[in-house]
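**Student:** If you want the building blocks of each chain, they are given just below.
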Amino acid sequence: MGIIKPEYHLKSQFDLPSFRDRMTGPVGGRKLSADLNLTSLIDVFSVIILFLVSTFSATGQILLVNKDIKLPSAQHGYTLKRSPIVTVLETGIILEGAGVGDNTDIEDKVEDVDWSLPKMRAQLRTYKEFFLAANSGMPFPGEVILQADRGIEFLYVKRAMFTLLQEGYSKIDLVVSGEAVLRPTDAAGADANL
Amino acid sequence: MAKKRREIVDNLNLVPFIDLFSTLIIFLIATAVWDQLSAVPIQLGSTEKSSAQMSSGSEAKRVQAELKVTISPTQIVLFDKGRSRSLSRDEAVANEYALIAEFAQAARQSRGPDKKELVVEMADKAIYEDMIGTVDQFLAVNFDQLVILGAE
Numbered sequence: 280m281g282i283i284k285p286e287y288h289l290k291s292q293f294d295l296p297s298f299r300d301r302m303t304g305p306v307g308g309r310k311l312s313a314d315l316n317l318t319s320l321i322d323v324f325s326v327i328i329l330f331l332v333s334t335f336s337a338t339g340q341i342l343l344v345n346k347d348i349k350l351p352s353a354q355h356g357y358t359l360k361r362s363p364i365v366t367v368l369e370t371g372i373i374l375e376g377a378g379v380g381d382n383t384d385i386e387d388k389v390e391d392v393d394w395s396l397p398k399m400r401a402q403l404r405t406y407k408e409f410f411l412a413a414n415s416g417m418p419f420p421g422e423v424i425l426q427a428d429r430g431i432e433f434l435y436v437k438r439a440m441f442t443l444l445q446e447g448y449s450k451i452d453l454v455v456s457g458e459a460v461l462r463p464t465d466a467a468g469a470d471a472n473l
Numbered sequence: 014m015a016k017k018r019r020e021i022v023d024n025l026n027l028v029p030f031i032d033l034f035s036t037l038i039i040f041l042i043a044t045a046v047w048d049q050l051s052a053v054p055i056q057l058g059s060t061e062k063s064s065a066q067m068s069s070g071s072e073a074k075r076v077q078a079e080l081k082v083t084i085s086p087t088q089i090v091l092f093d094k095g096r097s098r099s100l101s102r103d104e105a106v107a108n109e110y111a112l113i114a115e116f117a118q119a120a121r122q123s124r125g126p127d128k129k130e131l132v133v134e135m136a137d138k139a140i141y142e143d144m145i146g147t148v149d150q151f152l153a154v155n156f157d158q159l160v161i162l163g164a165e
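Line order of the protein sequences matches chains A and B.
Here our numbering = 1-based position in the first sequence + 279.
Here our numbering = 1-based position in the second sequence + 13.
Check before you lean on any hint, since a few could be wrong.
Using 20 Å as the maximum straight-line C-alpha spacing, the simulated DMTMM-like pairs for lysine to aspartate or glutamate come out as follows [what the hints assert, rightly or not]:
(1) A:LYS349 / B:GLU109
(2) A:LYS450 / A:GLU422
(3) B:LYS94 / B:GLU109
(4) A:LYS346 / B:ASP48
(5) A:LYS346 / B:GLU109
(6) B:LYS138 / A:GLU422
(7) B:LYS81 / B:ASP127
(8) B:LYS81 / B:ASP137
Covered, in the sense of this in silico footprint (three residues per stretch, anywhere, with C-beta under 8 Å from a C-beta of chain A), are these stretches of chain B [as the list claims (entries may be wrong)]:
(9) 89 to 101
(10) 105 to 114
Pairwise CB distance ranges, derived in the manner of DEER restraints [unchecked claim]:
(11) B:ARG124 / A:LYS450: 31 to 37 Å
(12) B:ASN26 / A:GLY416: 57 to 63 Å
(13) B:ASN26 / A:GLY376: 46 to 52 Å
Please keep in mind that the hints were generated in silico from the structure rather than gathered at the bench.
Virtual Cβ for every residue (Gly too), placed ideally from N, Cα, C.
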């Protein structure tokens with residue numbers, strides 16, 4: 280059996296050549312290429328871009344909020360500045376992602392030597408030394424970011440603050456949810472630059 | 014011989030435009046910040062003194078301030094130049110600290126714009142949210158030099 284030239288399996292009226300002839304032929308021929316209407320697509324794209332540009336933040340995400348924390352809200356908070364991040368939970372204290380203290384049975388620790396957080400102090404001291412080594416001549420700013428759940432008792436926050444103070448971190452930015460306004464010092468700087 | 018007429022293409026080629034838009038959208042979505050976060054700045058004062066204030070209630074009670082707020086689990090008390098106002102926590106929270114905002118407004122009007130100090134004294138069992146809610150009302154009228162004290 281010799282080689283058979285392949286042919287169309289469908290009836291001739293459904294063959295592509297006949298279809299093409301019918302579409303582009305001299306009598307009643309229609310344009311074969313169909314244009315997709317892109318106007319609506321560009322409209323949608325434009326709206327998405329406008330929304331995203333309006334919400335764009337040049338500073339980026341400074342910190343990730345711990346999943347166990349529901350932040351308190353405030354309407355007059357200032358912009359966040361990058362500093363070491365302390366997270367206060369009812370179970371413990373986290374500094375830059377690493378556990379540095381245990382808060383369980385905190386009531387028993389109030390008058391105890393445990394009130395201080397030695398691991399946290401050591402870590403804070405390391406950050407301070409690193410800053411001073413990297414920025415010789417500059418005064419240590421003592422800035423830190425603190426996040427805590429809105430419903431937590433102040434005692435837990437106080438314990439972290441006590442340790443922060445012992446290491447000279449006296450300027451604390453308490454993280455809140457809400458749109459930030461420019462810090463008065465930064466606003467003054469921006470005005471001076473104009 | 015008649016010159017063959019060239020077909021005029023009147024369609025704008027939108028493909029590069031869509032490419033650019035797609036790239037922009039991907040970039041903006043990847044870099045978008047969805048959480049609106051801000052900071053309430055507080056100052057804890059000098060190390061030795063404030064450490065004592067943080068740990069000891071008796072030390073904290075000695076601090077005399079012109080404008081001071083004392084927050085306990087059940088009550089928020091506002092002091093301004095001998096004038097004071099006491100609010101129950103439920104009352105303050107129910108109207109979203111509007112009564113505190115009124116007090117802060119009055120405190121601001123009674124002094125010049127240079128005065129920015131506010132002392133907040135917190136009881137151990139006081140709720141953290143109350144401190145933020147109260148301080149926020151004072152921040153609105155530019156009392157932004159906040160000192161936090163711990164109390165028994």
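**Student:** Each hint needs a verdict: does it hold in this structure or not?
**Tutor:** Checked hints:
1. For the hint pairing LYS349 of chain A with GLU109 of chain B, the CA-to-CA distance comes to about 17 Å; that is within 20 Å, so the pair holds.
2. With a C-alpha separation of about 5 Å, the suggested pair LYS450 of chain A and GLU422 of chain A falls inside the 20 Å cut-off, and the hint holds.
3. Proposed proximity of LYS94 of chain B and GLU109 of chain B is contradicted: the alpha carbons are some 25 Å apart, above 20 Å.
4. A C-alpha spacing of about 13 Å is found between LYS346 of chain A and ASP48 of chain B, which places the hinted pair at or below 20 Å, so the restraint holds.
5. Restraint check for LYS346 of chain A and GLU109 of chain B: not satisfied, since their Cα atoms lie roughly 25 Å apart, outside the 20 Å limit.
6. Straight-line distance between C-alpha atoms of LYS138 of chain B and GLU422 of chain A comes to about 26 Å, which puts the hinted pair past the 20 Å bound.
7. For the hint pairing LYS81 of chain B with ASP127 of chain B, the CA-to-CA distance comes to about 17 Å; that is within 20 Å, so the pair holds.
8. With a CA separation close to 17 Å, the supplied pair LYS81 of chain B and ASP137 of chain B stays within the 20 Å bound.
9. Against chain A, the segment 89 to 101 of chain B contributes 0 residues with a C-beta closer than 8 Å to a partner C-beta. That does not satisfy the three-residue criterion, and the hint is violated.
10. A count of 0 residues in the segment 105 to 114 of chain B with a Cβ less than 8 Å from any Cβ of chain A is obtained; the coverage claim is therefore unmet, three being the minimum.
11. As the Cβ distance of ARG124 of chain B to LYS450 of chain A is approximately 24 Å, the hint placing it in 31 to 37 Å is violated.
12. Restraint check, ASN26 of chain B to GLY416 of chain A: a C-beta distance of roughly 59 Å satisfies the suggested window 57 to 63 Å.
13. Separated by about 49 Å at the C-beta atoms, ASN26 of chain B and GLY376 of chain A satisfy the suggested range of 46 to 52 Å.
Of the numbered hints given earlier, the model fails hints 3, 5, 6, 9, 10 and 11; all others are met.
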